Amino acid sequence: MAEGVMTIAEQRDGEIRKISYELVSEGRRMADSLGQGVTALLLGADIKENASTLGHYGADKVLVADDPRLKTYTTDAYVSVIAELVKANDPAILLLGASVEGKDLAARLSARLETGMAQDCITFSLEDGNLVAIRPIYAGKAYAKVTFSDSTPQIATARPNVLTLNEPDTSRSAEIIDAQFTLDDSILKTKVVDVLRDESGKVDLTEADKIVSGGRGMKGPENYNILEELAEAIGASVGASRSAVDAGWRPHTDQVGQTGKVVSPTLYIACGISGAIQHLAGMSTSKVIVAINKDPDAPIFQRADYGIVEDLFKVVPSLTEEIKKIM
Amino acid sequence: MNIIVCLKQVPDTDSQIKVAPDGNSIVTDDVKWVMNPYDEFGVEEALQIKEKMGGEVTVIGLGPKRVTESIRTALAMGADKGILINDPALENSDALATGRALAAAIKGLDYDLIFTGQRGVDDDMGLVGATLAEFLDIPQLSIIVKAEISEDGKSVKVNRAVEGQTLVIESSLPAVITTQKGLNEPRYASLPGIMKAKKKPLEEKTLADLGLDPSQVGEGARKLKIMELTPPPQRETGKIIEGETPEEKAAELVRLLHEEAKLI
Ligand SMILES: Cc1cc2nc3c(=O)[nH]c(=O)nc-3n(C[C@H](O)[C@H](O)[C@H](O)COP(=O)(O)OP(=O)(O)OC[C@H]3O[C@@H](n4cnc5c(N)ncnc54)[C@H](O)[C@@H]3O)c2cc1C
Ligand SMILES: Nc1ncnc2c1ncn2[C@@H]1O[C@H](COP(=O)(O)O)[C@@H](O)[C@H]1O
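Residue numbers (our numbering), protein chains in the order written: chain R, 1 to 327; chain D, 1001 to 1264.
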């Protein structure tokens, strides 16, 4: 009988990413109500010494698959190793992050293991011991409540930032185990040949806790500096509407919306964005929404918790100044 | 290079989405169906590769008869042939079953590269590309913003956008590439293109043609079950911040974010 919760830890350059702790925290809550254990799976090269923090957030065991070929994520290597370890450990529930890596991995794993999988979930519960998840569909225009057929593991990816992070307890330690696996070079068909880093160091929109977004109302690329300054003051990342992206003012990776990034920050500040249905779809799960727009009838105000009807070029700089006063 | 583009039909992103009385599906009466926007990038990329290297572009859609319209759009853009997989038993198939049926249709074809969208903008799953790659036992390259085919047509070098960095990956072909915005600017179908598309071959296949059994697909084979669809939770009506000057309004907003929302 499949039992317990397994979470996949994500690392970048050997450093464990925040989503990994969110998954272990949620896995702990699930496992406690099931009376079962949580195993975190960590893949990488020379990463064993980083494994212990997963215990602080609630993992009972950390299985470490250490291999130079696992240093950077590739679908073929990771899926092969994880599928083997999942079969050997037989968890009932398998949780991954809805990051670019986690979504890719979960998708292929579900096909390999021929089991159900729910992408980009925002809440989990258990009904009769079975996993039930809520996931926004149509980029948030509707919510689906889903569950799994009999096959295990029940695979789900969780949207970054939405699960409650446990307070780390440094007195809690997990059993760290060297995972036994085989990885045959002949199955490795893809190779990472270069990593182009975004040196700005800004947090990706999908993981950002705060976002300041600018639309066509920004009038031109040169004006985004006022948003950058506001973002800097509150520790936010800068996003954009599709109009701003299509005008070439901002890179494609900044687009928020149904055909861009679907984001869930705690604070979303929309500046000069009208609030078209496709834009709203991508940000309406934000906890608090602020809209700054000179048109009182702009649809964005219907979704905003706080609205300012005003010229953004007059408000945004004052906003930054006022924030600096209290920080 | 023979290239296959998978095409999903989805409600136009302008559509309001209403939950049907059964609580399990959406109201489709007023829905305008369009090609998944990510699949437009797939069609465009395939056409650009074909224009450079020669070969054929085949578009495959699985779904009811109305999907023909989107396939015709792709043909009008310049694709060579279309295949519609249409069988009542396929209704409500999940990604595993969809991938299985697409793989069965593709297995008999001569192909070097397959494009799918990174996700359907309907149920936002992003599963079919991976499922298809698994069933065809070929690599998948997902969220791709740039693709360069080697001169001998045997491998591809892609840029994959992940959080805060771009990975440059080399892969053998055939492979599945899932498209991301930034890959290209999809062309519009020209009037002559639309005329020509009417004469291009569009084949229709049933499950039996693919050698699949109805028990492997459809509602009964779903591994993920939809219990209920609901409208998104209502947001409380917000506050419009009053003030004499922009500065006053800004100050009041900061006060609210600090004291009421406790976010800054
Ligand atoms: C298939 C498809 C997919 C799409 N996907 C997306 C998507 O993913 N994301 C997305 O964002 N859009 C998407 N769109 C586009 C969407 O429909 C809108 O066109 C777009 O969101 C509008 O961007 P905007 O709000 O910046 O521009 P506009 O609608 O032009 O709004 C600009 C706003 O700025 C305000 N403004 C102007 N000057 C000032 C000033 N000085 N001070 C304050 N306010 C000012 C105006 O009052 C106006 O409300 C999609 C469209 C299609 C057809
Ligand atoms: N019914 C379908 N017919 C053809 N291609 C599909 C179908 N469903 C999904 N796809 C492909 O897979 C991509 C991702 O869809 P999904 O996995 O449903 O989010 C789409 O952009 C299509 O390229």
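A portion of the hints provided could be inaccurate.
Said to hold, decoys possible - The list that follows gives simulated cross-link-like pairs (lysine-lysine, DSSO-like), each with its CA atoms no further than 27 Å apart:
(1) Lys1146/D to Lys87/R
(2) Lys1225/D to Lys145/R
(3) Lys191/R to Lys1262/D
(4) Lys1262/D to Lys189/R
(5) Lys145/R to Lys1032/D
(6) Lys1262/D to Lys314/R
(7) Lys261/R to Lys1081/D
(8) Lys191/R to Lys1146/D
(9) Lys189/R to Lys1200/D
(10) Lys87/R to Lys210/R
(11) Lys1262/D to Lys1081/D
(12) Lys1018/D to Lys1081/D
(13) Lys261/R to Lys1262/D
(14) Lys1050/D to Lys1107/D
(15) Lys71/R to Lys1154/D
(16) Lys294/R to Lys1262/D
(17) Lys1157/D to Lys87/R
These are computed hints drawn from the structure, not numbers from a lab.
As the structure is a prediction and not an experimental result, all values here were calculated from the model.
Checked hints:
For the proposed pair lysine 1146/D and lysine 87/R, the alpha carbon gap of about 35 Å is over 27 Å, so the pair is violated. A hinted pair counts as satisfied when its Cα atoms are at most 27 Å apart, and lysine 1225/D with lysine 145/R qualifies at roughly 9 Å. Of the pairs offered as hints, the one joining lysine 191/R and lysine 1262/D is violated, with about 46 Å between alpha carbons and a cut-off of 27 Å exceeded. For the hint pairing lysine 1262/D with lysine 189/R, the CA-to-CA distance comes to about 49 Å; that exceeds 27 Å, so the pair is violated.
Of the supplied pair hints, the one linking lysine 145/R and lysine 1032/D holds, its CA atoms being roughly 25 Å apart against a limit of 27 Å. For the given pair, lysine 1262/D sits about 24 Å from lysine 314/R by alpha-carbon distance, which is consistent with the 27 Å threshold. For the suggested pair lysine 261/R and lysine 1081/D, the alpha carbons sit about 32 Å apart, so the restraint of at most 27 Å is broken. Restraint check for lysine 191/R and lysine 1146/D: the C-alpha separation of about 16 Å stays at or below 27 Å, so the hint holds.
Pair hint lysine 189/R plus lysine 1200/D does not hold up; C-alpha atoms about 35 Å apart against a cutoff of 27 Å. The straight-line distance between the Cα atoms of lysine 87/R and lysine 210/R is roughly 39 Å, outside the 27 Å bound, and the hint therefore fails. Only pairs whose Cα atoms come within 27 Å are accepted, and lysine 1262/D paired with lysine 1081/D is rejected, the gap being roughly 58 Å. Between lysine 1018/D and lysine 1081/D the alpha-carbon distance is near 35 Å, which puts this suggested pair outside the 27 Å criterion.
Restraint check: the Cα-Cα separation between lysine 261/R and lysine 1262/D comes to about 26 Å, which is no more than 27 Å; the hinted pair holds. A distance of roughly 21 Å separates the Cα atoms of lysine 1050/D and lysine 1107/D; the hinted pair therefore holds under the 27 Å criterion. For the hint pairing lysine 71/R with lysine 1154/D, the CA-to-CA distance comes to about 26 Å; that is within 27 Å, so the pair holds. Straight-line distance between C-alpha atoms of lysine 294/R and lysine 1262/D comes to about 26 Å, which keeps the hinted pair within the 27 Å bound.
A C-alpha spacing of about 32 Å is found between lysine 1157/D and lysine 87/R, which places the hinted pair above 27 Å, so the restraint is violated.
Checked against the numbered hints listed earlier, the structure breaks hints 1, 3, 4, 7, 9, 10, 11, 12, 17; every other hint is satisfied.
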